[in-house]
Each structure stands twice: as structure tokens, then as C-alpha cells.
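Student: Put chains E and Y on the given structure of chain X with help from the hints.
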Amino acid sequence: MRTIESSSGTATPDTLPPPSMAVWQHSHVLDLDDFTREEIELVFEIADAMAEVLTREVKKVPTLRGKTVVTLFYEPSTRTRASFELAAKNLSADTVSIDASKSSVVKGESLIDSLRTIQALGADIIVMRHSQSGAPYLAIQEVNSSIINAGDGWHAHPSQALLDLYTIRRHLGKTANLKIAIIGDIMHSRVARSNIWGMTTMGAKVVLCSPSTLLPRGLNSFIENCRLANVSIENNIERALENADVVMLLRLQMERQQSGLLPSLREYIQRYQVTTERLSLAKSNVLVMHPGPINEGIEISPEVAHGTQSVIEEQVSNGVAIRMALLYLIAGGKNK
Amino acid sequence: MAATLLISGGRILDPGQGIDKVADLLIAKGKITWIGDKGTAPNHSDLKTIDATGLVVCPGFIDLHCHLREPGFEDKETISTGTKAAAKGGFTTVCCMPNTNPPIDSQASIDYVKKVAEAEGIVQVLPIGCITKARQGKELTEMNELAEAGVIGFSDDGNPVASSRIMSLAMDYSQSLGLPIIDHCEDKELSDGGFMNDGWVSARLGLKGMPKAAEEIVVARDISLAQMTGARLHIAHVSTEGSVELVRRAKEKGMAVTAEVTPHHLTLTEERVMGGQLKKNKQLTYDTNAKVNPPLRTKEDITALIQGLKDGTIDAIATDHAPHTLVDKMCEFGLAAFGISGLETAFACLMSLVQDGRLDLKTIISKLTFEPARIIGTRFGELGSLKPGCRADVTIFDPNKEWVVDKSDFASKGKNTPFHGCHFKGKVRITIAAGQVVYKSE
Amino acid sequence: MLVLKPLASSRQEVFLMSERTLMSAEDIQRALVRVAHEIVEKNKGARDLVLVGMQTRGVPLASRLAATIQGLEGISIPVGSLDISLYRDDLSSLSLKPTVHRTDVPVDVTDKQIVLVDDVFYTGRSIRAAMDALMDLGRPQSIQLAVLVDRGHRELPIRADYVGKNIPTSKNEEIKVDIKEVDGEDRVIIVTSDKGASHEND
Chain X
911 MRTIESSSGT ATPDTLPPPS MAVWQHSHVL DLDDFTREEI ELVFEIADAM AEVLTREVKK
971 VPTLRGKTVV TLFYEPSTRT RASFELAAKN LSADTVSIDA SKSSVVKGES LIDSLRTIQA
1031 LGADIIVMRH SQSGAPYLAI QEVNSSIINA GDGWHAHPSQ ALLDLYTIRR HLGKTANLKI
1091 AIIGDIMHSR VARSNIWGMT TMGAKVVLCS PSTLLPRGLN SFIENCRLAN VSIENNIERA
1151 LENADVVMLL RLQMERQQSG LLPSLREYIQ RYQVTTERLS LAKSNVLVMH PGPINEGIEI
1211 SPEVAHGTQS VIEEQVSNGV AIRMALLYLI AGGKNK
Chain E
376 MAATLLISGG RILDPGQGID KVADLLIAKG KITWIGDKGT APNHSDLKTI DATGLVVCPG
436 FIDLHCHLRE PGFEDKETIS TGTKAAAKGG FTTVCCMPNT NPPIDSQASI DYVKKVAEAE
496 GIVQVLPIGC ITKARQGKEL TEMNELAEAG VIGFSDDGNP VASSRIMSLA MDYSQSLGLP
556 IIDHCEDKEL SDGGFMNDGW VSARLGLKGM PKAAEEIVVA RDISLAQMTG ARLHIAHVST
616 EGSVELVRRA KEKGMAVTAE VTPHHLTLTE ERVMGGQLKK NKQLTYDTNA KVNPPLRTKE
676 DITALIQGLK DGTIDAIATD HAPHTLVDKM CEFGLAAFGI SGLETAFACL MSLVQDGRLD
736 LKTIISKLTF EPARIIGTRF GELGSLKPGC RADVTIFDPN KEWVVDKSDF ASKGKNTPFH
796 GCHFKGKVRI TIAAGQVVYK SE
Chain Y
5 MLVLKPLASS RQEVFLMSER TLMSAEDIQR ALVRVAHEIV EKNKGARDLV LVGMQTRGVP
65 LASRLAATIQ GLEGISIPVG SLDISLYRDD LSSLSLKPTV HRTDVPVDVT DKQIVLVDDV
125 FYTGRSIRAA MDALMDLGRP QSIQLAVLVD RGHRELPIRA DYVGKNIPTS KNEEIKVDIK
185 EVDGEDRVII VTSDKGASHE ND
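Protein chains in written order, with this note's numbering: chain X, 911 to 1246; chain E, 376 to 817; chain Y, 5 to 206.
Honestly, I wouldn't trust all of these hints.
As the list claims (entries may be wrong) - Selected chain X positions facing chain Y (in silico; Cβ < 7 angstroms):
{"no.": "1", "residue": "E955"}
{"no.": "2", "residue": "V971"}
{"no.": "3", "residue": "T973"}
{"no.": "4", "residue": "G976"}
{"no.": "5", "residue": "V1053"}
None of these hints come from the bench; they were simulated from the model. Since this is a predicted model, take the numbers as computed values, not measurements. We put the beta carbon where it would ideally sit given N, CA and C, even for glycine.
One chain only, chain X, in its complex shape (with noise of 0.2 angstroms):
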């Protein structure tokens, strides 16, 4: 496989030959910790297909006719399960949605069952959000439906890191040696993960800054023991937006303070919200990203959420392409 960077690092797709589909070695998606740079950029070449399928009057591909696509969301989501269910429409699977809040979880069934039910009633596609980390990685051991991770716990939320390298990508072509701040509570989060997987693989510099009660303990064991390039951790958020090219914030319950971790909120806005000031540190097309819900005024300030530099909406429709590119490599890829 042709290494897809040029020599002076900037590689534009425009540029390049498009990474052949043999690339693509995953019959589940569960994390970007074992995704190539080969088979990112095949995701991205796919989601430029299904972005111009999305500016079609009829926004329907017959590709994924037949099968049937469940999504079973133990914990409650808008933009995520929507954007799945529409991506899976739009590829005209059938779709089937299953609140696990409403249904026989209630009665005490076990995720392992509710999987083998889901499966006996014919699912192709496992679409599966959970709050328990690691939640994924079992159902792969034990039902044969691919299973695409929406979030489990902590751990991981690989279609939204794609989405947001996606939208870096389109903007500012690359990704390679950009300086990505990542903002907020890193601890709990599984966006924080998956991005710091996916932003390594593809080359970027991938700043973490958070109060230090939001920090696992053994994170820089972890970017040591995995030999993540180019990750470093800051407490200090102007040092972190100084010079960025990209800052991700990320939401802050309202529970961390509850629980401890935080001394008041009023103490996190006045450290670590992103407001129009702050941001004049980063370069000047920043990007400004944030995975949803916003809280504003906590994170970051309206200004800058409804900011020129804000693609946050953005993301939300490239969200949709990039769902619609991995139901297609999943539906497909299967018999390797």
C-alpha cells in the first residue's frame, strides 16, 4: 500500500489514489485504537460519497437493502442514535430501535441475552451504546451481528472521532502536525479516547488539558505504555490554546461537581471555559469543536458556541456521512 503522506506532509485527497477497499480489516467497530491511517482514509473517501448523497433531494442509496440495522442505546442519546437511524435509512436498511430504559432490561434481563434476542429476530447490524466500559467488547464474543460501538462507559466512541477528524480534515485539509487542544473533563470521557487514538494515527499533536482531579492517574503510563506520539498533558489552558489549530471542548457534567471532583463550577468557568478572549490565543482559524450537548456557559461561552470559528452544527451533519460510510464498510467487509 502506498504510503499516503507526500514528503512535505500535506496530503490532500485530491492528491492521492483512493485507498483500496482490502485495506479494511474490521468486522466490528468497536475503538480507533486498531483502525490504520489506510482504513481512516478510507472512511473519509467513503463519507465524501454518502456527503453527496446527503445534498440529493432523495437522500436514499439502495446499498444496504435487506439488511436490518438495530440500535440499542442503554443510555439515552438524541444526536447519536438519530444520526444513526437516518444513516441506516439512508442506505434503506430497516431499522429497529430499541430503548433499553422501556424494555425487558427493566425486567432484569442481561445484555448478553438482550443481544441473542436481538440477533434471533435477524439484526445485521448491532448499533450499541451502554454505560459500562468494555460493554462491546463482550457482545462480539457472544452474538455473530457486527456490532458498531456508540459509547461504552469511559472507554470508547469511535464513530464520533471519526466525525470530528472528518470535519478537521475538511476544513484544514490535513491532519497531520496540527496541534489539537482537547478540553475538559478527560477522565470520563470516551471521546477524549477515541480521539486520542484516531489524532495520533493520523499525526496530529494532541494537547489534553483538564483540572487535575479530571485526569485518569495513570494516563501518562498509558500514552507511555502505548507509545502515543505527540500527546501531552496541560493544566493550564492558555498554554494549551496557544497557537492551536483545533480545540475540542468537552462537556462537564453536572454530577462531577456533586460527586467532589470539583471544588464549584463557578472555579471551572473561571479556569477552563473557552471564551472569546481565550480563543484569541489559538490561531486564527481555529477550529472550535464539541461532540453535544453544549452546556454553555460551563464549557465554553455562547459567543464562541454560536462563533465564525464554531463547526460544531458541522459536525452533526458529517456525522451522518461518516455513520453512513460505516454501516456500508461494516454491511460489506464482513466475509474476510
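Tutor: Relative to the frame of chain X, chains E and Y by itself:
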């Protein structure tokens, strides 16, 4: 009716007596009667001979810490199946923890356990009584009554005794009885619902971690209280470098502090949870078979634990055998029960340390025989010894036998083991309890 | 020209591949010019004509046809590209196919005369998928098909309106079309694979 048994030609290894030689051993009427040179045993009619050529013959292993789950959790294990598992593992005495349902906090429950053990157990079962009523950490149990009913010590295992005040009262009270307080050392506020060691693996897997300090804080507290009260303190399942150091210093001061370590803490690290994998681009797992409390720690901790065994800081090896049903373990990592079903893999695990040159065989056998016997005391006879006159508890093993762990072969109901499929070298061949052969392998 | 290329094989058989050139660059050019004339003739001019090339090699062929037609009629013909990956009926064999490219048709197809352009016409399944794709983009007035090479073996009742060259083939033969914009040169070759008699490799 126990037969007269002659165990012939094996390497008799009894570190408590300083014996390590090829010899014959005679058992009659449930007791060891004679050890001597091959072929010189006194004559007996009705003699059965066991040929132990090439095998090692040592006192039956003693497990200071295991969970037999009966009464109350018979789906996980019963005294019958648990003792069968013990026999397979070479254990002839097991001390069962009181976190049953009802908990073993009264004479009635001890009598129940003793009765079932007598009727259905195939090895000796010695109960441990609760420190506090129902293990709630609030009121002391009637320790005197429990002592007279036959407990070897007191523990709320599964739970720490959270209140320092209650622990100091428990130590004061038990001190007069001469029985040890066995503490599961964990500051639950600090470990705060964590699932594994707080380190790089928990950071990577997105799992809440249990810091080493949560164990060390309570070890330090208990040692301080033991010093104040003069009580006997036994630290259950030590897992960290820091804990080993604290126990070492306490012993240097001459305190009556003892400690135990499990085979899994001596051989597995936190990486086992991930499937033992380090690099990117390999399939990850969240293996609930590696979920245990205290959690598997790091290489540095293993080194310190092994050193602790070598220099006498750690007195005994105990399995903390914790069987669970499939349902309890085959679920999301955060929801899975803590525990490893360890009786049947303990010995082979320890042998792997011998084969790697990290520990010698004599140390291992010591920590499984006369040293735990010392902690139990002599109320139940002299245990952990092949001295003539002692109960005939004998374990015969083949140090070179290669085998593969198959959990479906376990006598224990608990198939929750991280060693399934492991290739081991060293296997128990015959276990004799009170003169009866209670286990014999093919 | 007959080119013998012995191939090594793990078994003790040797597969011989032979290649023959069927159309040179000049042959291709002449065929395209003729097809362009036929398109104009059949459609009585170039009004409302849209050429849509099938990814990948149909796209430069469509561009060339459009250039020729522009030379004849003096009007500029819109050219689009169509990727049918999302319309295939063989999703599970994706791993062997190249990736999804963009579909890019710069005008509304409704009420237009669409001419699909492809390099090789074989079973007809790609063209069926292409028609579905075009229908999703709008309501063309008509769809016609121009192909450089028709190698026969139709599996569906679809025919080409314009054919550069008819090349009857058997199933163990393969038609390879090289187009300068994609492959660096223009030519059409036929590749035959024969199992040779067993003999040792070196």
C-alpha cells in the same frame, strides 16, 4: 476405615522438620506413623503401597483463606464441591471465610458448617468467624462463643472494618482469646467503587481504578492498632509493594503481625484484564476472570511480594478461592463479581515461579504447610507436618507433569479462572486427608 | 503480438497467460469519433444531451465524446461521473472492489437525454445499477448507452445503443481497457488464461 498406607520411594519434603530426602512414609489409622529409608518400613498386614518414585511427598497444603459459599450461595459452591476442589489442588485443610448467608457470626452457624463439613466435606474445614455482627462493621460478634465453637480467627472478609474505633475494640477483645484478626484491608471510600488497579490499564480501558493506597492505608492503620492493643493481626491477600514494606517494618519491631498472598497476585498483573496485550492493533478484551479484589497489580508489586515470601515478611500463601456462577461473571466488567476460583490452579501457578527461578520449592511448600499451620495454632492438632503422630494429611505431586488447565474439568462449581487454557508444569497426583485418599489423578 | 508470460504456482502446474492487443490508440480514437457522430445523428443534434461516464474509465471516455460532439455541433455538452458502488447487488464481495468514488452530475437530469458511457459492456449488471442511480437523481427523458467494447455474455435484458467494437469472448478471457487519462496509454487487450501441461518451475 482408614487403610494402612505405605508411600514408597518419593522425595519427602517437610520443611517444618527440615526433611528433604528420598524415603518411605507409613500411614496407619489416619495418622503418620513412621518415616524411614526405603524398604525398611515395619511390616503390616493389610498394607497398601503407593509408589511415589519420581514424585514429591509433602504435608497436605493448608489454605488459610477460601470461600466455600455454603450456607446461602450453594449455586456458586458447596462445602462438598469446594472440598473436592481443595483435594484436587492438594489442600487437606481449608479455612472458610464467613461471608455466607447467614454469615458465620454465631455458634449456630459454625455448628452448621461443621456438621455439613463432617458429613460432606472430604478434607478438614476450619471456620473463620465474623469480626462484627453480619459483617456490618458496627457491633462485635460474641467472639468468645465463636472461639469455643472452633474458629481459627476472625474476619469480615469481603468487607474491611471501616471504623478504626470498632477495629481497635475488635483487636482488644480478640487479644485475650489469642486468635488473629484477619483483615481485608481496603479503604472503600478511596477505592470508591473501582473495578481494577488504578493505573495505566484502567486509564486505557476507561474503568474506575482502585488505588494501591486504598489497601496500604488500612494495612498501616491495622498495624498501628495492633501495636496499641497487642492483638494478633493477619493481613489477608497482600497485593502491593507498600503493604509488604509496612508488614516488614512491623515484624522488625517484633509485632505479632502475619500476612498471606495469593497465587494469582504472585503471577498475574493488571494487564491480564486486557487480555495481557500492550500494543495497538490487537483485539482487546475486558476479561472478568481477571476481576478480583484486591485487584491484580503491577510487575513491581509482584517482585516485592516474591521478596516478601523469601525474607519471611509474608508467612503464607492462601488461595482466596472465590467461586462464582457463570451469570455472575459473564456480563459487563463493571457488573461482574470479584473473584478467582483458585484451589485447583494454585499449586501449578506457584510451580511456574519455581520454574522461572523466582522462588524455590522449599519456600513454596513452607508457605503452604507449616507456616500457615503456625498461624492456626495447635488447637486442631499439629498440622502441616509429617511428624509421626500427626494427622495423615499428605500431598504427593509430580513436579514435572505437564498439563493444560481446562475449567470444565474443575471439581469446583466456580469455573471463573484466568488460567483456562494455560500450560502448566507441576501437578498434584494424590491427596491424602486423615489417612484417606481423597484425590487421585490419572 | 503473442506474449507468453509463465507464472509460478505453488502446485506443479503452470498457468500461461497470453495477451493480444485488439485495439490500438488510433483504433480507439476512431471508434470514439464514430460513436460521437452516431450519438448526434440518433438524437438529431445535441440539445438536452448529458454524457454520464461510469467510474472509472467511462469518465474520460465521456469527456472525449463530449469534446468531439462540441466540435461537431458547436455547443458544450455537460459531462458527469457516476459511481454505482452504492447500487450494486453484490455487497458481500466488496473487499475486492475499489472504493466508492463521488457521483458528480453537474446538471439536473430531469427531462434530459442521458448517455451513459462505459468502457466494457459485459453482464449488464453495472448498467442496471447505473440506471437505478440515475433515476434517484431525477427523471431523465431517456437513457442511452455507449460502450467502447461489447464482449457479450449478457445476464440481463439490456442492450447498448452505441458500440465502439464488438469483441466476442469466452468466459476464461478477460478484456482489459487502458485509457490514457487513467492508465497512461490507450489500448484494449484480451487476456486468455490457459492451464498448461505440468512441468517443473526453475
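Student: Against this structure, judge whether each hint is valid.
Tutor: Verification of the supplied hints:
1. E955: 5 angstroms, holds
2. V971: Holds. Min distance 4 angstroms.
3. T973: 4 angstroms, holds
4. G976: For G976/X, the interface hint is violated, since the closest Cβ of chain Y sits about 9 angstroms away, which is over 7 angstroms.
5. V1053: 19 angstroms, violated
Figure legend: structure checked against the earlier numbered hints; hints not met, in rising order: 4 and 5.
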